[in-house]
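K.L.:
Below are the chains, spelled out letter by letter.
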Amino acid sequence: MDDSRVVRKVAGRIIQDFGFTCREAENGLKAVELCQIEMPDVIVLDWNMPVMSGIEFLEKLRQMENGASPKVVMCTMESDTDHIRRAVEAGANEYIVKPFDREVFRTKFMLMGVLEY
Amino acid sequence: MVLTQDKAYMLDSRLSPVARKWGFESLSAMTQSLRGVPNKNMISDIVEAMSTHETSFFRDIGPFYVLRDTLLPYLIKNTARDTKKLRVWCNACSSGQEPYSVAMILKEQAAQMPGWSFEILATDISHEVLELAKDGIYTQTEVQRGVPVQYLLKYFTHKGDKWQVNADIRSMIKFQNLNLLEPMPSIGPIDLVVCRNILLHFDEQTQTSVMKNIAALMNPQGFFMLGGSDTNEQATQIFREIDAKWKIYALSGSNFS
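Protein chains in written order, with the working numbering: chain A, 1 to 117; chain B, 1 to 257.
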């Protein structure tokens with residue numbers, strides 16, 4: 001989930017290479033709609049999105065039915081401790097600061113237990 | 001160090017700058033000079049240039065889970081010493097990510113091990129990387145490739161665009177220069193030896209010799225860890241394999257089962 005189409009495509013390609021199927025959302029509200037249709041196993045989430053930000057979506061997600069189940073990795077430009085702490089307190093399982101690469105994604109997915117190590 | 005023919009480019013790219021620095025017209029000329037009475041500082045530059053420093057936090061992650069869930073509980077229960085001190089040796093520690101990873105695991109488990117203290121000895125042949133390791137400062141990419149976010153918040157401090165390992169973790173580790181091919185110093189008894197992805201650079205005879213020397217320094221109930229890129233043929237002649245997937249071994253006289 002990212003308001004940048006390029007980021008969605010690049011991240012999506014990496015994740016598909018790991019064996020996942022991907023759906024995309026350009027803002028938090030769209031992401032809520034997708035989760036209501038089918039709750040994903042993993043969510044890669046930007047912070048700064050229009051309409052509904054990533055952190056607002058995350059707080060809403062964790063209150064939804066089955067909202068505790070997806071592993072969430074925040075993937076954002078925000079690199080300071082306050083943002084990271086806020087994301088973890090809101091329910092993020094992991095955190096990636098952009099720019100990212102395949103190895104960072106692989107490591108984080110392994111740490112979350114959704115990719116075999 | 002064993003290098004195959006396909007490593008010729010690596011040899012050239014790493015050593016040509018050293019040859020130029022010391023005023024040699026070619027790598028061959030520098031090599032010739034090494035056969036005489038070589039300058040110690042030049043030798044040091046060659047060693048630094050040829051040392052492989054690749055490492056990452058919680059590399060492969062699995063071995064660290066085994067350390068936390070299996071090795072540590074066994075060592076606490078079966079290491080019968082009055083000092084209640086656990087001693088770990090991370091050799092070929094490079095820029096420090098591996099010993100810091102071990103330190104974080106030990107720190108996390110400390111509550112389950114009241115009264116126990118930990119001592120981590122981290123050694124490397126390269127003085128340069130040891131200085132980096134002591135500072136414990138890493139880039140965003142380096143911490144993202146392995147550090148769980150909860151550990152990042154707990155054990156690191158953000159400094160500009162870098163992250164520094166906190167002082168309480170840094171203080172658990174003693175960094176020391178050591179060449180595995182020279183006579184081992186008296187650093188035993190060691191409860192856990194982390195020797196990951198270094199022995200693969202040596203020929204079989206040297207691997208066996210180094211592992212025998214390491215085994216002699218170990219607590220009889222201790223453990224020995226190789227890395228994913230290491231082969232286990234020589235290790236199984238000296239140690240008893242207890243985890244084939246993560247290449248973890250015990251001494252033959254160990255009671256571990």
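Treat each hint with caution, since some may be false.
Claimed, not checked - Sample of chain B residues at the chain A side, in silico, Cβ under 10 Å:
| no. | residue |
| --- | --- |
| 1 | F58 |
| 2 | D60 |
| 3 | K134 |
| 4 | D135 |
| 5 | Q140 |
| 6 | Q144 |
| 7 | F156 |
| 8 | H158 |
In short, the hints are calculated from the structure, not lab data. Virtual Cβ for every residue (Gly too), placed ideally from N, Cα, C.
K.L.:
Each hint should be assessed against the structure and marked as holding or not.
P.N.:
Hint check results:
1. F58: 8 Å, holds
2. D60: 6 Å, holds
3. K134: With a minimum Cβ separation of about 23 Å from chain A (threshold 10 Å), the hint on K134 of chain B is violated.
4. D135: 19 Å, violated
5. Q140: Given a least distance of 5 Å, the restraint on Q140 of chain B holds.
6. Q144: Cβ of Q144 of chain B sits 5 Å from chain A, so the hint holds.
7. F156: 9 Å, holds
8. H158: 5 Å, holds
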